[in-house]
Each structure stands twice: as structure tokens, then as C-alpha cells.
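Model the full structure from these sequences, guided by the hints.
For the sequence shown, our numbering begins at 7 and goes up steadily by one.
Since the hints were made in silico from the structure, they are not lab data.
Keep in mind that the hints are not guaranteed to be accurate.
With beta-carbon atoms standing in for the labels, derived distance ranges [said to hold, decoys possible]:
| hint | residue 1 | residue 2 | range |
| --- | --- | --- | --- |
| 1 | Ser448 | Asp560 | 53 to 59 Å |
| 2 | Lys608 | Asn488 | 43 to 49 Å |
| 3 | Asp276 | Leu501 | 50 to 56 Å |
| 4 | Arg808 | Gln859 | 21 to 27 Å |
| 5 | Leu545 | Gly867 | 52 to 58 Å |
| 6 | Asn488 | Asn837 | 56 to 62 Å |
| 7 | Gly257 | Thr315 | 20 to 26 Å |
| 8 | Asp560 | Leu860 | 49 to 55 Å |
Under the rule of at most 16 Å between Cα atoms (straight-line distance), these lysine to aspartate or glutamate pairs were calculated in the EDC-like manner [what the hints assert, rightly or not]:
| hint | residue 1 | residue 2 |
| --- | --- | --- |
| 9 | Lys284 | Asp200 |
| 10 | Lys811 | Glu786 |
| 11 | Lys282 | Asp264 |
| 12 | Lys556 | Glu612 |
| 13 | Lys577 | Asp845 |
| 14 | Lys835 | Glu744 |
| 15 | Lys247 | Asp273 |
| 16 | Lys623 | Glu558 |
| 17 | Lys284 | Asp268 |
| 18 | Lys563 | Asp610 |
| 19 | Lys247 | Glu258 |
| 20 | Lys732 | Glu754 |
| 21 | Lys577 | Glu600 |
| 22 | Lys778 | Asp581 |
| 23 | Lys835 | Glu738 |
| 24 | Lys742 | Glu831 |
| 25 | Lys320 | Asp200 |
| 26 | Lys382 | Asp507 |
Glycine included, C-beta positions come from ideal geometry on N, C-alpha and C.
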Amino acid sequence: MAVASMAFSDVETFLDDHPELFEDYLNRKGKHSMVEKWLKSHQAAKTPVAPAAEADKPGAHRDSWASRGDGLQRRASQKELRKTFARSKAANANRTYDEHVNSRAQEPLTSMRRRALLRKASSLPPTTAHILSALLESRVNIPQYPSTAVDFKYYLKEHNEREFFLELVKDISNDLDLTSLSYKVLVFVCIMVDADRCSLFLVEGTANKKTLVSKFFDVHAGTAVLPSLSNSDEVQVPWGKGIIGYVAEHGETVNIPDAYQDHRFSDEIDKLTGYKTKSLLCMPIRNSDGEIIGVAQAINKSPEGALFTEDDEKVLQMYLPFCGIAISNAQLFAASRKEYDRSRALLEVVNDLFEEQTDLEKIVRKIMHRAQTLLKCERCSVQLLEDIESPVRHPHLHPTPPFPFILPSVADAGQFGFKDSLEKSSYSDWLINNSIAELVASTGLPVNISDAYQDPRFDAEADQFSGFHIRSVLCVPIWNSNHQIIGVAQVLNRLDGKPFDDADQRLFEAFVIFCGLGINNTIMYDQVKKSWAKQSVALDVLSYHATCSKTEVDKFKAANIPLVCELGIDKLSFDDFSLDVDAMITAALRMFMELGMVQKFKIDYETLCRWLLTVRKNYRMVPYHNWRHAFNVCQCMFSMLTTAGFQETLTEVEILALIVGSICHDLDHRGTNNAFQAKTGSALSLLYGTSATLEHHHFNHAVMILQSEVCASPLTQLDELYYEKKTNMFFELVSKGEYNWNVKAHREMCRSMLMTACDLGAATKPWDISRKVAELVTSEFFDQGDRERSELKLIPSAIFDRNRKDELPGLQLEWIDGICAPLYETLVKLNPRLQPMLDMIQANRARWDELHQLRQHSQEGTKPADPCSSEAPTSAGNRLSHSC
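This is how it looks when you write it as C-alpha cells:
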């Protein structure tokens with residue numbers, strides 16, 4: 007006893023120091039009888055205002071509130087009561103729908119306060135600590151209905167029944183929150199019929215499977231707080247079972263003086279609540295259409311032993327129809343609000359994740375931004391598997407940009423937007439988590455690491471190398487609709503410094519479900535689009551091209567191939583128009599034989615003939631980018647290899663690649679450039695993208711021919727015939743004398759420059775040839791310009807505009823000065839034997855400049871200077887001296 011006394015003394019001391027805890031307990035655990043006892047011992051505090059307190063004195067009601075001759079004083083007192091009630095109502099009961107929803111979000115604050123009190127209580131003796139822990143871990147506070155409002159309604163019931171009824175109806179008609187409305191209905195029913203307890207059951211379920219559900223089965227007029235709304239306190243009654251089920255099914259009023267004497271009564275709720283039901287009044291609640299939507303039940307009329315009367319039934323019959331309308335309105339409002347919230351959330355997800363289903367990069371950016379916002383973390387990354395089709399056993403996460411995507415903290419992202427934030431993030435930062443990401447992709451299980459440095463799966467050394475310190479990691483798999491893992495999403499470091507908890511993981515996993523659908527749809531959409539484009543391109547190619555016939559092959563197989571000197575193909579100044587289409591085939595065969603490619607790579611001669619003829623067939627009959635242009639580029643490469651001596655420096659494989667690449671470099675050219683493909687949305691642009699569309703197509707078409715059965719040979723080794731142009735770097739290396747043939751990257755740049763120089767080789771030919779080629783190029787450009795004007799309704803640029811053909815000399819000067827001259831000047835520094843090509847470019851430039859000057863003077867109406875006279879510019883005179 008001493009220990010128990012001392013323990014409860016400690017509890018009392020603790021509660022004195024924490025009065026809010028005592029109030030919390032009383033609101034949740036206090037009984038009506040306890041409150042009545044307290045009111046009797048504290049009579050002065052029973053009523054909210056002085057006039058109500060005076061009403062308890064003998065004759066007070068008669069003289070002050072009930073006197074018919076003192077109406078002004080009565081109305082004034084009612085006004086004061088209303089003011090008091092309004093103030094209390096505004097402070098405690100006027101909760102909107104949003105406030106009710108938001109109150110759930112504030113529960114963590116209550117939990118924080120409770121944990122703080124528990125920590126304080128932990129220092130008390132064990133018995134005391136146990137009592138306080140049980141008290142603190144009980145149900146939380148929920149919205150209160152002010153006792154002053156109840157007192158006011160009791161007063162109106164006694165003194166003005168009409169105003170009392172209107173007050174009740176008005177109070178429920180203004181409440182659209184079904185929870186607080188249901189509670190008010192029961193409190194008011196208790197007041198109207200003097201019931202000790204009331205319950206409200208609402209109809210739920212479909213027409214074939216209805217049930218009666220109540221979370222309010224222990225409500226009385228003196229209740230200060232709403233009962234708990236947890237599922238454990240919910241009571242369900244089957245349709246047609248018990249008195250409540252009977253009333254709901256038949257729509258009849260049931261008034262029973264002794265419930266336990268009625269066979270329809272079930273004592274299950276009494277057993278559940280521990281409350282003894284005696285007298286009982288049960289009545290259906292209907293909506294405006296007459297459908298039963300609920301049942302109200304009043305239990306045990308006061309004073310104890312009294313029975314519910316016919317007047318009680320009549321009062322409820324007048325009141326419950328208003329309740330039915332209010333409940334229906336609240337249900338409709340709750341349903342519409344719930345549907346609105348769901349629709350808004352769904353629209354946000356759909357808008358974010360599906361509006362960009364044509365662009366995978368954009369959709370991943372939005373995923374990361376939304377994940378950062380939801381989880382409030384420093385960084386978010388998304389990695390996708392390279393091969394989504396195959397089973398994920400040994401996943402290989404995409405190793406190169408644009409994947410994975412990385413975003414810095416939310417604050418940083420807000421400063422410079424999505425694009426900049428992605429560019430400013432270091433790609434190497436993500437590599438620190440590759441092991442975790444691959445683990446998640448392999449197992450399909452999420453990984454939540456609260457302390458990265460204490461987890462053996464985390465690479466601490468890589469973290470230190472990156473400079474970004476990782477504290478916590480949450481990584482989850484991304485699934486598609488076929489239950490395949492298509493990637494992983496990962497967030498790092500919560501902004502508040504805490505580790506990611508279970509709620510974060512559940513939220514992230516739910517979010518990633520939508521992400522997976524969006525990403526999968528984007529990938530599928532892209533695949534479908536590419537498949538259509540590939541089919542369209544293939545049909546177009548097949549409809550135009552055909553493999554050469556056996557007769558053609560046999561013809562060249564048996565033909566006598568002229569020597570190099572007879573063909574003149576070793577000259578840098580070779581006449582591009584000197585050979586016909588068949589002679590170009592024999593000349594190409596001679597190049598392969600002269601370079602020793604047939605012998606060194608064991609190329610079957612018949613296969614070589616068939617391949618060359620097939621390549622010729624796969625060039626279209628366009629003005630410039632045709633078979634002749636392909637052969638001329640190949641001839642230029644042959645002369646640079648032999649005459650200029652590059653054959654001595656390059657390997658056999660490099661020489662073969664350059665020759666094959668030269669003759670295939672414009673395969674299936676359409677006579678239009680990349681910009682035109684993009685503008686028209688052609689199948690080529692859809693298949694290869696808008697960057698280097700034709701270049702990708704030429705390469706793939708060349709590989710297709712090389713790998714075909716009719717052309718199968720060692721040539722199929724040469725899959726990579728094109729090299730990225732790094733012009734500026736190459737120019738700088740040669741200019742500084744830092745070019746090194748032994749450096750692989752330098753050799754790659756040189757091969758690229760040689761390919762470009764041969765492609766532009768017409769500019770290095772004698773004037774008549776060079777100008778004729780320029781006219782063919784211009785003719786092809788004008789054809790494109792005509793199509794832009796007729797098909798796209800666009801005004802073409804000058805170089806494509808037939809109406810501005812007189813501007814050709816000026817455009818040629820820009821092209822020579824900006825592209826040709828710098829390239830050949832650099833190559834001459836690397837190999838002086840190419841000087842004749844540069845000399846011819848300078849001579850051709852002078853002729854174009856002369857034409858340009860003539861055009862300008864003709865526009866100005868002045869006579870141009872004679873380019874051979876002493877008044878002509880010195881540089882121009884030097885360039886044209888040989889022609890004068």
C-alpha cells in the first residue's frame with residue numbers, strides 16, 4: 007500500500023505539472039456521472055453566464071425567463087446566451103471540411119508531445135511510469151462539441167420549444183462534415199427525448215448487400231468529446247438483424263419498454279460497450295426520396311425507469327426528416343470532395359508522367375522533381391536498364407548520359423530550373439551508388455539504409471571521392487505493366503537530417519508504380535514509333551532499290567580492268583566527269599586491286615563486283631549526291647593514299663575502311679538535307695532523330711549491304727566507317743605541332759579529316775570541273791527549296807532559293823573561306839604533298855570572287871576593275887596570274 011500510495015502521489019504531482027495531460031485524460035475517459043458529481047460540487051461553474059445561474063433560484067425562471075410580461079429582458083438574456091454560444095462554437099466547433107482533414111496531418115505533433123512526456127515519465131518509479139505510459143498511449147483528442155451549446159439548447163427546450171426546434175435544425179443544416187454532423191444529431195436526439203444514450207447507424211453497401219454501420223453508439227448529451235473514430239470502435243449490424251436491422255428493413259418505428267423482452271433485440275452491442283439497455287426508441291431516417299439511409303436509436307429515457315412516450319415519437323418524426331436531408335447533403339459533399347481529391351491527384355500524376363510520353367528524358371526529369379518534392383530529399387536519381395526485354399538476372403544499368411539523371415537539393419533546383427540543375431550535377435556523383443542500384447535491380451526488393459557508412463553494401467571510398475556525403479539511402483525498383491524491372495529510383499539524404507522511415511518507403515514505392523507506367527509507356531511508344539519508321543524506310547528502300555543481276559556481275563567479272571595510269575585515278579586533279587557509270591565500276595575494282603585489298607583481306611572477286619554494283623544501285627538519281635559523287639570521293643581518297651603518301655602511314659584496315667567508307671558515305675541520299683527531313687517529319691527523322699539523320703541512314707544502309715547474303719565477305723568486319731568530327735581539336739593539334747601518329751585519338755581525327763576532305767574534293771579540282779559540280783549541288787539545293795516552298799509553305803534560305811541564284815558566288819566564297827580553306831591548309835601542314843589541292847582551292851576562290859565582284863558592280867551600275875590590271879588587289883592578282 008505504501009508503494010502504491012507513493013506511486014499515485016507521484017502521478018498526482020506529475021499531472022499537476024502537466025495540466026494539459028489531465029485535461030486530455032478527462033475529455034477521453036470521463037463519464038457522465040462523474041461530470042454530474044463535479045457539477046453538483048461546483049454549482050457556480052455549471053452555467054456559462056450569470057442569467058442562467060440565476061435561473062436555479064426559486065422563482066427565477068418565473069420572474070426573469072418565463073414571465074410573459076418581461077419579453078425585453080428575456081430576449082436580452084437569450085442574446086447574451088447566443089453570444090456566449092457563438093464564441094464557444096467559433097473557438098471549438100466551427101470546423102470546415104479541410105480543417106477536419108488537416109487535423110489528421112497534425113497528429114504527429116501530438117505524438118511528439120506524447121513522446122516528450124513519456125521521456126519525462128521514464129524517470130519516475132516503475133509503477134508510476136507504467137500507469138502514465140498506458141494513459142499517454144490511449145486514444146487521442148478529437149473535435150469537441152462545447153458544453154455551453156448543450157446548456158443553451160436545454161434552456162431553449164424548457165422555455166421556447168419552437169426556437170429550440172429551429173435551433174437544432176439550423177445547427178445540423180450548416181454542417182457538411184458527416185462525422186461532426188452525426189455526432190450532433192445524436193446529441194440533439196438525447197436532448198429532445200431525454201435519452202441517456204443514443205446511437206446512429208448509417209446504411210452502407212450495395213442494394214444486394216447492405217449493412218448498418220455506426221461509429222457512434224455511446225453518445226449522450228453530456229459528452230464533451232467525440233468518440234474515437236478508429237476501426238476497432240466501429241459497430242456493424244447486418245441488414246434485417248436485431249431491432250436496428252428490423253427498423254432499417256421495414257421502415258417502422260419501434261418503441262420498447264424492456265429491450266430484453268423483445269425477441270428482435272440483440273445484446274451484442276451491450277456486451278461490446280458494457281452498457282445495459284432497458285427502454286428503447288428506434289426510428290428510421292429517410293432522405294428526400296423516401297429511401298432509408300440510417301437508423302437513430304435512443305436508449306434509456308431519463309429519469310431512470312421512465313419510458314419513451316408517443317410525444318417522443320412525434321418529436322423525432324418531425325426532427326429526423328431534417329436529419330435525413332442534412333446527412334444526405336453531407337454524404338454527397340463527402341463523396342464529391344473525395345472524388346475531387348482523387349481526381350486532382352490522378353490528374354497531377356497523369357499530367358506529370360504521361361504528358362511527356364514521347365520524351366523519356368523529360369518524363370524522368372519530372373519523376374525526380376516530384377520525388378524530391380514528396381520526400382524532401384537532397385538528391386534523386388533514376389537509372390534504367392539497357393535491355394528491358396531480357397529477364398533481370400544480371401542487370402546492367404545504363405552507364406552513359408542522359409541516364410542516370412541527377413537532381414541536387416530542392417532549393418538548388420529552384421534556383422536554376424530543371425535543365426541547368428541536370429547540367430550542373432556531376433555524372434560521377436551517381437556512380438557511388440551503382441552497387442546498391444544493381445542490388446535492387448537484381449532482387450526487386452527495396453533498400454532503405456538509415457546510416458550508409460554502417461552498411462556493408464555502401465561504397466564509402468567512392469562517396470569520399472565524389473565529394474558528396476551520403477547519410478541515408480532509399481532505393482526502390484521500377485516495374486512495368488508486365489512485372490518486369492525496368493530500372494531503379496533512388497533518393498538520398500532527407501533535408502531534415504533524419505533517415506527515411508517506413509512511411510517514406512511506402513510513399514516512394516506507391517509513387518514509383520505510376521513512374522513505371524509512365525516510363526514503360528514512353529519506351530513502348532518510342533519502340534512503336536521506331537518500328538513504324540523502320541518499316542516505312544525499309545519498304546521505301548526496297549521499292550526503289552534492287553540487288554544487281556547475275557548478268558551484270560558476270561559482265562564485270564570477265565571484263566578487262568584498265569591500269570591506274572590509263573584511268574588517271576591517281577591524280578589529285580582527276581576529271582570527275584571523265585568516266586561513264588560502267589567505267590567507274592572498273593575503276594573502283596582497280597583501286598581495290600591496286601591497294602592490295604583483294605589479296606590482303608581475301609575478298610572474293612565476284613563478291614566484290616556484286617557489292618560495287620549493288621552500292622551503285624542504292625544511290626538514287628538525284629542531281630549531285632549520286633553514284634558519280636560517291637565514286638569521285640573514293641577516287642580522291644585513292645589519290646591521297648597513293649600520290650600524297652598516306653598509304654605509307656595508315657594501316658591496311660584503316661585504308662580498307664576509308665575506301666569502303668568513301669564509296670558508301672552517301673548511300674540512298676534523297677537529295678535533301680537533315681533540316682528538310684526534320685521539317686517534313688519524314689520516316690528517316692523519326693527513326694534516327696533530328697541530329698545527323700542522313701549520316702545514320704547512310705551508315706546503316708552500308709552495313710545492311712555489307713551483311714547481306716549476296717555481298718557477304720570480310721568487308722562485314724567494317725561496321726564503323728564514320729568518325730566523329732573533331733575539327734577544331736585537329737586544327738589545334740596540327741597548328742601547335744602536337745599531332746602524333748602514335749596516338750589512337752589523333753589517328754581517328756585524321757581519318758575523319760581525310761573523309762571530309764575527299765567529300766569536299768570537288769573544290770580542289772580545276773575551275774571547269776569545280777564550277778560544274780557547284781552547279782549540280784546548287785540544282786539539288788534548288789529542288790529542295792522548291793519543295794519547301796510548295797509542300798511546307800516556307801520561304802527557303804538563299805542557298806536553296808532558286809530566285810536568288812545570282813547570290814551563288816558570294817555563297818561559294820563563304821563556303822570556301824569558312825570550311826574548305828581551313829581544312830586543306832591544316833592537312834597541308836600535316837602532309838605538304840597535298841599543296842596542289844590547296845593551290846587549286848585558292849585559284850577557284852579567285853574566280854568566284856571575280857564573279858561576285860561583277861555581280862556587285864552590275865547592281866551598282868559601275869565598271870569592275872580588270873583582275874589582270876595593276877589596280878587589282880595584289881592577292882587577287884597572285885591567285886589569277888596563271889589564268890591571265
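| request: Mind listing which of the numbered hints don't hold for this structure, in increasing order? | output: none
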